[in-house]
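Number of protein chains: 2
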Amino acid sequence: MFAKKKKEVVKKTLTKRSENYSQWYLDVVETAELAENSPVRGCMVIKPHGYAIWERIQHELDRMIKETGHSNAYFPVFIPKSFFDKEAEHVEGFAKESAVVTHYRLQQDATTGKLRTDPDAKLTEELIVRPTSETVIYDTYARWIQSYRDLPLLINQWANVVRWEMRTRPFLRTAEFLWQEGHTVHATQEGAEEETKKMLGVYQTLLEDYLAIPSIAGKKSPSETFAGADHTYTLESMMQDGKALQSCTSHNLGQNFAKSFNIQFTDENEKQQYAWQTSWGLSTRVIGALIMSHSDDLGLVLPPNIAPIQVVLIPITPNKEDEEEVLSVVTKIEEQLKAQGVRTHLDSRAHISPGAKFGEWEKKGIPVRIEIGPKDIAKNTVVVARRDNQNKHDILLEQLADSVKEILQEMQVALLTTARERLTQHTIVATNYQELKEGVENGKFVLAHWDGTAKTEEKIKAETKATIRCIPFDGEKDKGSCIISGKPSKQQVVFAKAY
Amino acid sequence: MFAKKKKEVVKKTLTKRSENYSQWYLDVVETAELAENSPVRGCMVIKPHGYAIWERIQHELDRMIKETGHSNAYFPVFIPKSFFDKEAEHVEGFAKESAVVTHYRLQQDATTGKLRTDPDAKLTEELIVRPTSETVIYDTYARWIQSYRDLPLLINQWANVVRWEMRTRPFLRTAEFLWQEGHTVHATQEGAEEETKKMLGVYQTLLEDYLAIPSIAGKKSPSETFAGADHTYTLESMMQDGKALQSCTSHNLGQNFAKSFNIQFTDENEKQQYAWQTSWGLSTRVIGALIMSHSDDLGLVLPPNIAPIQVVLIPITPNKEDEEEVLSVVTKIEEQLKAQGVRTHLDSRAHISPGAKFGEWEKKGIPVRIEIGPKDIAKNTVVVARRDNQNKHDILLEQLADSVKEILQEMQVALLTTARERLTQHTIVATNYQELKEGVENGKFVLAHWDGTAKTEEKIKAETKATIRCIPFDGEKDKGSCIISGKPSKQQVVFAKAY
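Chains S and W, in that order, give the protein sequences. If you're matching positions, the first sequence starts at 1 in this note's numbering and goes up one per residue. If you're matching positions, the second sequence starts at 1 in this note's numbering and goes up one per residue.
For the record, the hints were derived by calculation from the structure and aren't laboratory data. Here the structure is a predicted model, which means the values were calculated and not measured. Yeah, the Cβ is synthetic: ideal placement off N, Cα and C, and Gly gets one too. It cannot be assumed that every hint is accurate.
Said to hold, decoys possible - Pair by pair, the computed Cβ-Cβ distance ranges are:
1. LYS86(W) <-> GLU33(S): 47 to 57 Å
2. GLU270(W) <-> GLU33(S): 49 to 59 Å
3. HIS393(W) <-> LEU327(S): 51 to 61 Å
4. THR424(S) <-> TRP144(W): 39 to 49 Å
Claimed, not checked - Listed next, the stretches of chain W that the computed footprint assigns to chain S, with coverage defined by at least 3 CB atoms under 8 Å from CB atoms of chain S:
5. 130-142
6. 479-486
Said to hold, decoys possible - Taking lysine to aspartate or glutamate and the DMTMM-like style, the derived pairs with C-alpha atoms no more than 25 Å apart in a straight line are:
7. LYS392(S) <-> GLU476(S)
8. LYS86(S) <-> ASP109(W)
9. LYS392(W) <-> ASP297(W)
10. LYS122(S) <-> GLU67(W)
11. LYS271(S) <-> GLU190(S)
12. LYS122(S) <-> ASP297(W)
13. LYS332(S) <-> GLU67(W)
14. LYS357(W) <-> ASP297(S)
15. LYS96(W) <-> GLU463(S)
16. LYS122(S) <-> ASP62(W)
17. LYS338(S) <-> ASP62(W)
18. LYS122(S) <-> GLU435(W)
19. LYS357(W) <-> GLU190(S)
20. LYS114(S) <-> GLU441(W)
21. LYS122(S) <-> GLU398(W)
22. LYS66(W) <-> ASP150(S)
23. LYS86(S) <-> GLU67(W)
24. LYS477(W) <-> GLU435(W)
25. LYS392(W) <-> GLU406(W)
26. LYS114(S) <-> ASP297(W)
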């Protein structure tokens with residue numbers, strides 16, 4: 001009975017993926033209570049369930065960032081305008097579409113009584129709300145670094161950043177978003193390159209082991225390289241509609257910023273050298289990737305390793321006289337699972353029916369639901385339902401903790417396997433432009449030879465909307481000829497439409 | 001030999017408290033590498049050691065906030081100007097001295113090539129960088145809350161905020177600072193009042209059990225009440241110079257914001273009611289309190305329960321041939337202490353002398369230093385030095401973990417005891433205005449009867465620079481007469497100069 005009711009409710013609220021994928025995404029965000037639009041243009045409110053997912057991501061990523069020798073610090077939210085003038089490419093990439101602080105005071109208008117900007121409180125130099133912190137951090141690093149003994153300098157920051165995006169979508173593209181940005185300084189080019197790759201590896205571990213998202217690791221083409229970097233590495237994941245999503249990037253900045261901000265050190269031979277730098281970031285955007293990797297027409301699906309709640313317990317008490325016993329058993333199960341390190345929530349709300357609870361937690365993507373009623377207790381069992389494949393089983397109470405842990409692990413593996421299969425099945429090789437066009441149109445990742453020129457890249461983008469997602473590290477290094485120009489190509493690159 | 005060198009270095013770098021307390025504070029912040037001024041006016045850079053302390057505070061406070069039933073969420077950094085117009089008192093308190101975003105784009109000046117604000121990208125409504133988030137959060141709450149079943153709504157946010165302070169000091173008063181702000185909604189006045197007190201209690205636990213800072217809990221006088229609140233509770237702590245520092249506040253907002261932002265709910269009798277609200281916050285300012293509660297002329301002193309590093313291990317290897325053995329023993333000790341849950345750091349830097357290391361970690365306030373050299377190993381002992389009282393003891397290796405844990409606990413208790421004694425010894429009762437004046441001048445907290453009027457409060461402030469820090473909860477409820485006006489007074493209040 002409950003199951004039927006639940007599905008009706010769900011059907012009413014979520015658009016099917018097959019009908020309108022884009023609306024389905026918004027429906028998942030809304031019905032799972034992850035985020036909503038705020039009254040401030042382009043800024044979202046991250047609701048408790050969405051923020052709890054971000055906290056889990058932060059927890060695991062922060063641990064890995066520290067295990068690889070980095071310390072956290074905090075730099076100002078504002079950047080003086082002149083800092084952007086120092087790095088010519090960087091200014092092109094970021095400074096322009098940013099929030100600009102011009103005044104530091106409001107005053108009440110004598111006539112209307114309303115607030116207005118105080119013309120006497122104009123800043124002598126405008127401040128930009130950070131879109132990324134290279135400039136303000138490197139201005140500081142120039143003072144911190146004197147000698148090769150100060151290197152490597154390995155620092156990370158958790159912060160909010162603002163980019164004035166005109167078309168926004170929750171998590172995927174918002175005017176304000178949350179992220180971490182790592183900023184490191186090295187004595188050698190090799191040191192910087194090693195760091196750039198190491199942190200991409202950390203991100204890949206986070207994505208695969210926790211978010212169950214496979215990705216193609218590779219290098220960006222020059223046109224997609226971070227403004228001010230020598231080169232950019234990326235993880236590109238495939239969403240359920242076949243489009244690519246860039247989950248994070250890791251930049252080898254070379255000596256570009258070191259020269260703009262005069263970051264020099266005395267080397268072991270007492271010679272002054274410009275330092276080598278990296279920066280790397282992962283943002284709340286990855287929650288968009290998480291949603292679009294695993295969720296279904298019933299709502300969000302969370303991989304157990306990242307789910308803030310792994311198991312929800314729902315007591316079923318059709319008769320008043322059973323309440324006490326059921327709640328006592330359920331509370332014991334809660335304690336037992338928590339003691340085993342399972343993130344467990346007991347939903348004891350009395351005014352909501354079990355069926356409504358099933359629907360709510362299903363939409364919120366909780367991996368395992370346990371139902372306990374008097375009939376179950378009589379049999380010494382509980383009903384355990386798995387979110388992704390909707391399997392339901394009676395499990396003996398004494399085997400519950402072990403079974404739950406097994407189911408969580410199985411589900412984690414199953415989600416990654418499914419996503420991996422999708423990536424493999426929907427990646428094709430194009431030997432001519434027609435095949436590339438068709439592949440892109442059908443939501444595929446298309447591997448094809450490219451001559452390495454921006455001209456070819458632009459032509460393909462203009463005609464197919466596909467961009468070069470990356471030059472994959474693991475791609476076969478078979479030489480060939482560009483599918484457009486016929487010129488020689490060192491290896492195939494990945495073309496796809498992207499978020 | 002090393003000890004002597006260390007003290008010389010320290011004397012050179014830190015001003016003594018007795019010479020210039022204010023400069024000493026800045027010297028501690030600098031030499032402990034906690035923070036520094038940034039190129040952005042009034043904003044500081046929180047350096048890794050300072051940020052690690054903040055992370056420890058966040059970790060403990062976040063746990064307590066969640067244990068008391070709150071969830072974290074995230075709201076926009078920007079607030080539309082019109083939101084401040086909605087709460088008349090609030091606008092007085094906050095909106096005026098804030099950073100105002102007026103434009104969303106920069107452009108390159110054709111003549112100079114430099115960036116300038118694009119006049120075509122003026123916002124139709126200015127955005128204020130949040131000085132506190134009541135307005136933007138409550139605008140959202142009005143949509144979230146429909147029924148009494150949605151209450152209480154218990155939410156917290158970790159965020160950066162900006163207040164355009166003209167005179168700044170690291171941690172104590174900065175244009176940008178980090179904090180948490182709790183925002184809750186209740187069905188009844190009693191519910192809101194209980195919450196306001198409960199969260200003050202959480203802060204008091206954090207301060208006493210972790211930061212070893214005693215405080216006087218009480219209510220603010222109307223003139224110091226949060227703009228828009230019915231009343232404000234506070235924790236007031238005494239710094240080493242006898243001045244008060246407000247470590248946090250907890251506000252009972254009554255129905256003031258609910259009426260401005262139309263937060264209504266249907267009660268159990270199907271009647272529409274305005275909700276009752278609270279907000280409460282603790283910021284990086286508390287690190288200023290931490291510094292001024294315990295530190296000495298040698299530098300920072302950190303209570304073990306909040307120290308990011310509790311024990312630093314320093315290998316002493318005067319001869320090359322001892323290095324391997326010493327490092328092997330030290331590494332074993334590191335593993336052993338970490339396994340026991342002691343936050344331990346092994347300082348194995350080869351290019352820095354043990355003496356210089358002693359000085360550095362002393363300035364950074366690490367509670368326990370362990371020195372291990374070949375002579376110690378021969379005796380099967382190590383040297384354990386405690387930061388606050390400078391005691392040094394040889395400890396047998398097999399007793400090390402237990403001894404260290406004992407020393408950490410003793411030091412934690414000792415710091416709180418010393419701070420408590422200071423608070424008791426420097427709190428006096430004034431029975432007339434002359435005694436109050438003298439007390440305040442001599443750096444005391446002065447308990448005195450007050451008639452409850454703003455006029456008397458202002459007179460005392462103008463003449464002595466002392467403000468009413470709070471009307472203490474635990475104050476004796478003895479009636480008396482105001483030391484200025486002679487009018488009846490219900491209880492004594494705390495006067496002091498404050499940060």
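We went through each hint and held it up to the structure:
1. Against the hinted window of 47 to 57 Å, the Cβ-Cβ separation of LYS86(W) and GLU33(S) comes to about 26 Å, which falls outside the hint.
2. The given range of 49 to 59 Å is broken by GLU270(W) and GLU33(S), whose C-beta atoms sit roughly 26 Å from each other.
3. At roughly 54 Å, the beta-carbon separation of HIS393(W) and LEU327(S) lies within the given 51 to 61 Å, and the hint holds.
4. Between THR424(S) and TRP144(W) the CB atoms are about 43 Å apart, so this pair conforms to the stated range of 39 to 49 Å.
5. Coverage of the region 130-142 of chain W by chain S holds [criterion: at least 3 residues with CB-CB distance below 8 Å; count 3].
6. Here the region 479-486 of chain W counts 0 residues with a CB under 8 Å from a CB of chain S, which misses the bar of 3, and the coverage is violated.
7. Of the supplied pair hints, the one linking LYS392(S) and GLU476(S) is violated, its CA atoms being roughly 43 Å apart against a limit of 25 Å.
8. Our distance criterion of 25 Å between C-alpha atoms is met by LYS86(S) and ASP109(W), whose separation comes to about 15 Å.
9. For the proposed pair LYS392(W) and ASP297(W), the alpha carbon gap of about 18 Å is at most 25 Å, so the pair holds.
10. Of the pairs offered as hints, the one joining LYS122(S) and GLU67(W) is violated, with about 45 Å between alpha carbons and a cut-off of 25 Å exceeded.
11. At most 25 Å may separate the alpha-carbon atoms for a hinted pair to count; LYS271(S) and GLU190(S) meet this at roughly 19 Å.
12. The hinted pair formed by LYS122(S) and ASP297(W) fails the criterion: a straight-line CA distance of about 42 Å is larger than 25 Å.
13. For the suggested pair LYS332(S) and GLU67(W), the alpha carbons sit about 19 Å apart, so the restraint of at most 25 Å is met.
14. Simply put, LYS357(W) and ASP297(S) have alpha-carbon atoms about 60 Å apart, too far for the 25 Å limit, and the pair is violated.
15. Restraint check for LYS96(W) and GLU463(S): the C-alpha separation of about 52 Å exceeds 25 Å, so the hint is violated.
16. Restraint check for LYS122(S) and ASP62(W): not satisfied, since their Cα atoms lie roughly 38 Å apart, outside the 25 Å limit.
17. Simply put, LYS338(S) and ASP62(W) have alpha-carbon atoms about 19 Å apart, close enough for the 25 Å limit, and the pair holds.
18. Restraint check: the Cα-Cα separation between LYS122(S) and GLU435(W) comes to about 46 Å, which exceeds 25 Å; the hinted pair is violated.
19. The suggested pairing of LYS357(W) with GLU190(S) is violated, with an alpha-carbon distance near 30 Å, which exceeds 25 Å.
20. Restraint check for LYS114(S) and GLU441(W): not satisfied, since their Cα atoms lie roughly 42 Å apart, outside the 25 Å limit.
21. For the given pair, LYS122(S) sits about 66 Å from GLU398(W) by alpha-carbon distance, which is inconsistent with the 25 Å threshold.
22. Only pairs whose Cα atoms come within 25 Å are accepted, and LYS66(W) paired with ASP150(S) is rejected, the gap being roughly 39 Å.
23. Between LYS86(S) and GLU67(W) the CA atoms are separated by roughly 48 Å; this puts the pair beyond 25 Å, and the hint is violated.
24. For the suggested pair LYS477(W) and GLU435(W), the alpha carbons sit about 21 Å apart, so the restraint of at most 25 Å is met.
25. Pair hint LYS392(W) plus GLU406(W) holds up; C-alpha atoms about 14 Å apart against a cutoff of 25 Å.
26. The straight-line distance between the Cα atoms of LYS114(S) and ASP297(W) is roughly 51 Å, outside the 25 Å bound, and the hint therefore fails.
Figure legend: structure checked against the earlier numbered hints; hints not met, in rising order: 1, 2, 6, 7, 10, 12, 14, 15, 16, 18, 19, 20, 21, 22, 23 and 26.
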